[in-house]
Amino acid sequence: DTEVTQTPKHLVMGMTNKKSLKCEQHMGHRAMYWYKQKAKKPPELMFVYSYEKLSINESVPSRFSPECPNSSLLNLHLHALQPEDSALYLCASTLFGQIATDTQYFGPGTRLTVL
Amino acid sequence: GNSVTQMEGPVTLSEEAFLTINCTYTATGYPSLFWYVQYPGEGLQLLLKATKADDKGSNKGFEATYRKETTSFHLEKGSVQVSDSAVYFCALSDPKGKSTFGDGTTLTVKP
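Chains A and B, in that order, are what the protein sequence lines are.
Numbered by our numbering, the letters in the first sequence go through residues 13 to 127 in order.
Numbered by our numbering, the letters in the second sequence go through residues 2 to 112 in order.
Calculated from the structure, these hints are not laboratory results.
Treat the hints with care, since some could be wrong.
Claimed, not checked - Computed beta-carbon distance windows for the label pairs:
1. E70/B - Y63/A: 33 to 39 Å
2. D55/B - S67/A: 28 to 34 Å
3. A18/B - K65/A: 44 to 50 Å
4. S32/A - E17/B: 45 to 51 Å
5. T28/A - A18/B: 47 to 53 Å
6. P73/A - D55/B: 39 to 45 Å
Positions of the beta carbon are idealized from the N, C-alpha and C atoms, including for glycine.
So here's chain A without its partners, still in its complex pose (with noise of 0.2 Å):
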């Protein structure tokens, strides 16, 4: 199995939902990572997880609330949120944890529309 599968592909919530999104690899990696995507943009690193750890939050809004149950799966839960926080939201994970010469693998994303 060498891919990262997130759930759900689409999502539209309202600015009082709170609702979650669902990363996993069954590669045995070590790191996983947040990033969100808006149209015709680079991704934007949110937060990293080493080894079930949280290593990196790039000053992430608290409305964002990551969590690592476990060395497969990655979520993030989200709150409150605005519409400007409509993006492509794509999960990645790599190998070793975090180390410079690692391929980040992509999940496809989720979709997130806030109305």
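Let chain A serve as the given structure and place chain B on it in line with the hints.
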């Protein structure tokens, strides 16, 4: 901080034309360099990478050489196909594994 500058797009080529997408970077230390490709409606996937100076990455007819003296990692392909139409991102990864991406270059190949 680290930065990656990519040739601005969009780039439109005819099938079998030669492709170059320029990429230069600024980084401290010894980053690894990557080209990722993103097809419509999908996530990014690795195209090729190079982890030290003078390394050449290659895949599916694409090539790029890590040039430390010019801080560049230009992507080339000798003969593009319609199926190569996508967005191409140049990226670097620092020793802590944090990636910095260029703005992306949209390539359209016409039959």
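Checked against the structure, which of the hints given earlier come out wrong? As far as the earlier hints go, not one is violated by this structure.
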